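The whole structure should be built from the sequences, with the hints applied where relevant.
Going down the list, the protein sequences come from chains A and B. Residue 10 in our numbering is what sits at position 10 of the first sequence, and the numbering runs on without skipping anything. Counting from 1 along the second sequence, just add 218 to a position and that's the residue number in our numbering.
Rather than coming from a laboratory, the hints here were simulated on the basis of the structure. As the structure is a prediction and not an experimental result, all values here were calculated from the model. Keep in mind that a hint or two might mislead.
What the hints assert, rightly or not - Straight-line distance between alpha carbons at most 30 Å, and here's what the computed DSS-like set of lysine-lysine pairs gives:
| hint | chain 1 | residue 1 | chain 2 | residue 2 |
| --- | --- | --- | --- | --- |
| 1 | B | 279 | A | 51 |
| 2 | B | 279 | A | 159 |
| 3 | B | 232 | A | 123 |
| 4 | A | 61 | B | 279 |
| 5 | A | 123 | B | 279 |
What the hints assert, rightly or not - Okay, the calculated bits of chain B under chain A, using three or more residues with CB under 8 Å as the criterion:
| hint | region |
| --- | --- |
| 6 | 245-252 |
| 7 | 407-414 |
Unchecked claim - To spell it out: a stretch of chain B is covered by chain A in this simulated footprint if at least three of its residues, at any positions, have a beta carbon under 8 Å from a beta carbon of chain A; those stretches are:
| hint | region |
| --- | --- |
| 8 | 336-346 |
| 9 | 381-391 |
The C-beta atom is built at its ideal place from N, Cα and C for all residues, glycine as well.
Protein chains: 2
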Amino acid sequence: MNNAETAPNKQRIKSQRAQAAICDAAIACLYAVGYGDTTLNKVATMAGFSKGALQHHFASKEDLIAATADRLLQRSVAGVTTTKAQQRFESVDASLRRSWEKLINTAAYRALLEILNAARADKALQTRISDNLLQWGRALDQNAIDTYEAVDGNDEDVKALMNMTRSFMRGLVIQERYTNDADETSKHIERWIDMIAPQLRMRESDENRTDYVKHQKC
Amino acid sequence: MNNAETAPNKQRIKSQRAQAAICDAAIACLYAVGYGDTTLNKVATMAGFSKGALQHHFASKEDLIAATADRLLQRSVAGVTTTKAQQRFESVDASLRRSWEKLINTAAYRALLEILNAARADKALQTRISDNLLQWGRALDQNAIDTYEAVDGNDEDVKALMNMTRSFMRGLVIQERYTNDADETSKHIERWIDMIAPQLRMRESDENRTDYVKHQKC
DNA sequence: ACGAAAAAGCCATCCGCAAGGATTGTTTTG
DNA sequence: CAAAACAATCCTTGCGGATGGCTTTTTCGT
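Below is the structure:
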């Protein structure tokens with residue numbers, strides 16, 4: 001395989017760029033044709049590389065998928081944290097709505113769902129990515145606590161409510177397969193927000209903010 | 219292809235039995251290895267038939283999947299209606315909990331999710347099953363209205379709340395990939411029920427009950 | 001400081017294999 | 001005997017992966 005971390009400068013950044021491009025192509029491919037039809041050939045072509053080059057950077061398809069999953073998870077966490085700093089004074093409603101629009105109801109999230117779904121039956125892939133998935137869950141929990149506080153002051157409530165929100169939104173993404181009424185989806189989103197927003201408020205202080213975007217290659 | 223509907227009696231029931239067995243094998247296969255690795259050979263073997271026999275009953279893989287999807291959808295609807303009649307006097311809480319345990323958190327539902335997910339990127343399959351999916355949604359809506367009534371008396375609320383409940387539960391099924399704490403899942407279920415149940419009560423009269431289990435081959 | 005060996009990036013080609021499907025029987029049923 | 005149910009076999013395609021050769025970059029002895 002490659003030595004993206006240890007190699008000297010010029011080659012290292014070149015390798016990183018290549019791997020990033022390949023992972024991005026994999027994400028686009030997962031979204032476009034699904035996990036089953038995401039083939040090394042397609043990914044290589046979409047990334048502008050030969051199949052051999054792809055195999056040089058990722059020894060096996062599982063390596064590719066795992067790296068792509070990492071990239072998606074990292075993006076997901078980065079997406080909530082960065083945008084948050086800017087829009088500090090938005091309402092809980094708007095913040096939740098933004099989670100749906102910018103994080104869940106996206107092509108990238110659907111690509112991630114392809115991998116998550118594939119990992120259910122593929123135990124090798126499952127164990128391969130499970131650590132990062134768990135870490136992802138913890139990062140989202142932490143972010144929830146950093147962003148919101150419960151009106152009753154219990155941090156566990158914040159975590160639970162936001163976990164439920166994500167589950168609900170995840171399920172809505174799949175619902176689109178058997179409900180052509182797109183308007184209905186946003187109604188459900190609004191209704192859910194109406195139910196949980198009163199239980200939350202935006203957290204003002206950023207005392208115990210932590211940086212949970214870990215360092216990794218792809 | 220076959221003539222399961224028009225063929226004479228003895229052959230007809232034989233054909234129906236065979237198709238049912240094949241679809242059941244496909245369901246088991248979808249659950250065990252996922253959509254991508256559900257192959258005609260595996261399904262045929264699991265069903266106790268040769269590949270040729272399978273192809274006799276289902277001319278293409280898409281036919282097989284479509285028939286399997288129909289079977290799953292029908293089962294899903296049947297699952298809510300039949301059990302309902304017996305347990306007429308259970309609480310809303312118990313009824314919702316039972317939906318999770320007997321309908322969503324099951325192998326069959328995971329098999330269905332495999333097909334639903336595959337249909338996202340596979341437009342041919344998508345259009346193939348979309349009519350039945352829409353009908354499924356309507357049947358579930360109708361069943362929701364038959365089973366519950368809103369405390370504010372608005373039937374549309376019942377539909378919306380139950381749609382949201384199903385979305386939430388669907389999302390929870392996927393969550394299991396990155397939360398090993400099974401206990402947390404049931405806590406979320408309970409919390410969801412706590413939020414939804416107060417808005418519903420069991421409907422007493424069965425005035426406008428309809429039978430929406432349509433007749434079909436597999 | 002420099003030039004050759006070593007290593008990394010990259011590509012074209014080949015291989016084994018299993019997939020979905022087509023064909024051609026053989027057996028069972030009407 | 002005709003049609004349906006089923007089986008065995010073959011075909012084509014595309015997959016993931018392996019191999020070998022060709023550039024570009026890095027390393028290192030001198």
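Results of checking the hints against the structure:
no., hint, result
1, 279(B) - 51(A), "29 Å, holds"
2, 279(B) - 159(A), "43 Å, violated"
3, 232(B) - 123(A), "37 Å, violated"
4, 61(A) - 279(B), "25 Å, holds"
5, 123(A) - 279(B), "25 Å, holds"
6, 245-252, "holds (count 4)"
7, 407-414, "holds (count 3)"
8, 336-346, "holds (count 6)"
9, 381-391, "holds (count 9)"
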